Amino acid sequence: MTLLSVEDLSVTFDAETGTVHAVSGIDFTIERGETVCLVGESGSGKTVACESVTQLLPTPPGSIDGTVTFDGEELTSKSERALREYRGGRVGHIFQNPQDALDPVYTVGSQVVEAIRLHRDDSKAEAKSRAIDLLDRVGIGNADERFHDYPHQFSGGMTQRVVIAIALACDPDLLIADEPTTALDVTIQAQVLDLLVDLQAERGMGILFVTHDLGVVAEIADRVVVLYAGQVMERGSVEQVFTRPSHPYTKALLDCLPGRGASATIDGSLPDPKAPPTGCRFHPRCPHAVPACERGDSPPFATVDGDHEAACILHEDPYELPATLGETDE
Amino acid sequence: MPSKRLDDAAFANIDWDEEAGGHSVHWPTVGLLAGLVGLAAAAVHKLRVGGTPFGFIGWEPPRIAWLLLLAGLLGLRYGLYPMVRDRDRTLPALKRLFSRPVGALSAGFVVLSLLFALVGPEFISWDYAKLAHAHQPPVFTRLRVEDVYAYNCVGELANGYCHGTWQYPLGTNRYGGSVVQRLFEGNIVAVKLAVSTAIVMGVVAMVVGTVAGYAGGLTDTVLMSYVDIQQTIPALVIYLVVATLFLGNIGGVEDGKLFSLALVFGLLDWGGIARVVRSDVLTRRSAGYIRAAKAVGATDRHVLRRHVVPNAMPTLVTALTRRIPLLVLIQIALAYLALNSATGGGSLGETLRSSFTDPSGALAWTDLWWLTAIPILFTVVFVLAYSLLGDELRDVLDPKGVSR
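Line by line, the protein sequences are chains G and P. Take 0 as the starting number for the first sequence in numbering that gives the first Met the number 0 and just add one per residue. Take 0 as the starting number for the second sequence in numbering that gives the first Met the number 0 and just add one per residue.
So that you can see chain P by itself, here it is in the shape it has in the complex (with noise of 0.2 Å):
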């Protein structure tokens, strides 16, 4: 009898078919797990033990750097793992995205921004900063000295005038370092925070809002009120309480601060995003391949993972990259108003700070405009590029290749 036939069919595919996806051992999910559990079993160590998990290869993390560990492990696994598994999919979209001026254009800045924050202190060293070299214009520019007392011109001295240097390509500030340094080092810091609470937040609103969205019903209900919730909390109050109180520069670590900004906001920040993706689910979730997958024999988790999740993707994108460039910027105003990094961290607005605080008085901060220039310049570059990225990635992942 042919049902009889069906049901030791059913029998025999489900148990290994079903609830494994196909294979028998689903293994980046077993890596993301064996990483999670490495990470944790390290910063118990850190915990109770004292002193440095990582000895062995010599190297003390600082404190963001386990955010970083963090966002690291679950980008690989939700983020290059399916890019990599899909490239008939990503070369494609990556080739549109190069193939537009302002994708290549943000694309290029973001990636040459990743790299230098990421791997570039490895292989840049800076010199110290020489307080005789204080004040030196960019290259191309010259500075009007005559009237100066005690200024020291790297550059050629000509009828008063101090000219630029290669060797200083965007000058120097008032300690005599470089305002190429002081960009790169600010790069860095907003490079860490972006990543770190971007992939937190990201992962954390997929999450909620495609399980509230499809889930619906009380399960949405619980999940959209907790937002509700979360989202009267202000999270720059909370932020300067707990960098004050609890995450400050303990022990010498500097980027104490850093590390509890990013952690704050990425644990409370990200309800707006995870409402947006709930909308977006909830009209997909009557969408005719919905059904249509469902008609098929697809479970509920396949059908989240393999059609709800990447159709709420661009959705996704778009709203981490307009989320994370305006968190950059409270960072950079955080550090302008010395709530951030008491201690030199290094970010943008450090760098601006100092710009306007010129205590030797010879000089106006208008005449030492590349200080505030060059740094409000670069954060605007960078904040455009982060924003337009996201923008051009909605469209070049969006399959019809036209935006709408």
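For reference, chain G alone in the conformation it holds in the complex (with noise of 0.2 Å):
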């Protein structure tokens, strides 16, 4: 059964000045085992998206429609207190900017038994040691005494992996990563992601992993969802995507990494999410832009090869795809 499906989501928030429309309509599916990959800009709803699977939404709360389907069960009209045994107990969640993510009041001991306490019915015993062996297990060393530190005394590395265990307290069958690697210098990343690789392995969860770094994309994922502007533009294998970017946003986001030829930056900005723009979200910076791409809805998927998808009008039988966006010539 597949792990988490998410249908036709979208999400909403009331602002004083307009409704902000931060996901449109969006779907991926989740396999146990498996690394899907959100990938846009910041601000094109990736943050959002996965905040709705179990409605952890900030303040103001916005509103969700569409469904969300964990291991056969429908999350979205679950009560705020049948919610809470999801959040942790089986879905835990990673967040940006670890420092900021551990109560500085507490020791990063007392903060992983609390989350283990939450949802078993350990003693306080055993949750501890059971805490000092994640702690072991997330890779800090000398763990039994490092329990006892509070989070100011980490480095952001130790920390995020602090945060790492504290998904982990309950082992969930999901794990969404919010960009978990942003906040780390180049090094940490990579030891971080080798960490998520090695706990994935060892108890086959599936992880969503929320990520605008195109290079840990290509590290760590399975299969990739391109977003922009709260629609999804390509969504495929992390192989299909990389090799064969059927999107012009794709396309663009790839020709920004360094390395691939003449750096190239995408010009505009994302739209006003409170008026998004008719037709394609992309199309005001689109390069390969036609008059019908500003027309009526987002244009449908269009099949690539097998799963790998594209929502761009420019694989329909009446336009004429650009060689950019053909066979690749690797």
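Not one of these hints is a red herring.
Partner residues are not named here, just some residues of chain G that face chain P (Cβ under 8 Å, in silico):
# : residue
1 : L55
2 : E84
3 : R86
4 : G88
5 : D102
6 : L117
Short derived list, chain G residues pointing at chain P, Cβ under 8 Å:
#  : residue
7  : R83
8  : G87
9  : H92
10 : F94
11 : N96
12 : D99
13 : A100
14 : L101
15 : V104
16 : A114
17 : H118
18 : I165
19 : A168
The set of hints was computed from the structure by calculation and includes no laboratory data. These numbers come from a predicted model, not from an experiment. For every residue, glycine included, the Cβ atom is placed at its ideal position computed from N, Cα and C.
Hints given; two lone chains; assemble the complex.
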């Protein structure tokens, strides 16, 4: 059974100046043991999408439409009380800024214990030994001594390991990692990614990984979902998307990577989420836009190859596919 | 099917894990409730039956004691109990406090002041003031008494100067009362007021501030509007009316005015503190660790109790220790103006007033400098110690160990 399936998810926030369309009708699925990357610029709705899974949206609450099915259970209609059992129990969360994710007034150990005891009937001693095991497992040397240290006594990378230990406290089936390496320097990034890969191999959990760093995607992802302005532009396996980017936006993102020819930028900026453009949301910035891109709803998905799909009308019959989006020369 | 198992587990867990925070009975809260019910019952007994509900231990509580009892209950539940429960955090913090010179001095003064005020009267008894021992100078000082009619020097009289003695280390006033005793009694009044209002104000301000800041929206608007309205009511004027009309010296109980001062300020003066706590909570509400706690399935109650309140505690302590010494000063000023206790309540303000108004005429108040200088000095030290302790506590409670 599919571990997580998100269908037609839309999230809007009512602001005084208008309704913000953070996410508009996105779909993706995650299987057990699989890593799915949500990729996109800042502000493209990645964080909102993954916080919608267990309805952790920040205040003021956004309204969520669509269905989120986790292990056969529909989550969007569940009560707050039922959802709490999923949060931390079966769905673990890792946040972007590790220093901020730990409460400064408690030792790291007691925060791991807290996460354990929220879902398990362990005694304090049991929870403590489990917490030390977890800290040890995520690579914190001397775990039984560092158990008593405060968050500010840890470096950024070590803190992120603690946050991962907290997320793993109750053996989740799904780990949602929201830019877990963005705040870390590059050498530490690699260690944390390796740790996540190891833990996944060990526990067979699904990982929903949010990042804007395509280098990280190449490292960790099985499948990629490219988001732009709250909509899915392209999805497919990591090989498919990287070797044959089929949406102009994905192509432009990849061109921005240093080391892939002349480093490029995408002109313009994300559209106003209160008044997204008609048609394809990327058309104002798209170098290949044709007049039809501005009309109607978002373009439907066109199959590129098997599971590899792109929401771009250039893949439909009457249009001529630009050479850069056709078969690559590699 | 795994999801079925989860649903069952969810029910099995929630019912007693969630609702009681892991314990089937949360005994500190039960204790607090029992204490409050007991106190309320005693108060009803007092009002309906009269006499003293504490007759079985031979104690007739003055009215301020009711506030102190309430403060004691709240202090046990929300002060001492968390400190003992989290002793692995409390002990290092205390160690840090006493390793700082200012912290050790101010904490030392405050502890002594509290001890002398709360248990001192049980152990220390004072001689009756002897009129014959009036106007004795403090030890190590002397007073020129050559020309003074009928001056009786307790210490050594030499060359027209009377020298102070250890019998009255800080001298005596015009009734022959020891200045040390005046300070002791002034301290009792100040501490009673400080403790009873601090705890009542602290608990109310913390509850209102955290609820308003965390809930936001309409709750926030309603609570803060109430605070706005409350802050337009001058507590001092209300106090003067209440103390004069209703809670003065009824039935010979002398501390009615202190009681009404504590009551009126405790109920009307917490708005500013609640506002500070609220703005602190407002910034923390979106902090990563609050979201992280929710992401591991914590309830709002759990988040409030375990993350929001402890983090807002240093803010509350600082705000309180700014407000309480001010309140003590107001009380002293009121007593100085004879608006507080007409019948020798022992306030430092009373002591000061009587020092300036010596009818004998032979000695100017500048000759009797100790009668004004020492109470003023004591007041300054008292206010400084309580304020500085607040600053030090805030620094020490900050786990990073440095002030920002």
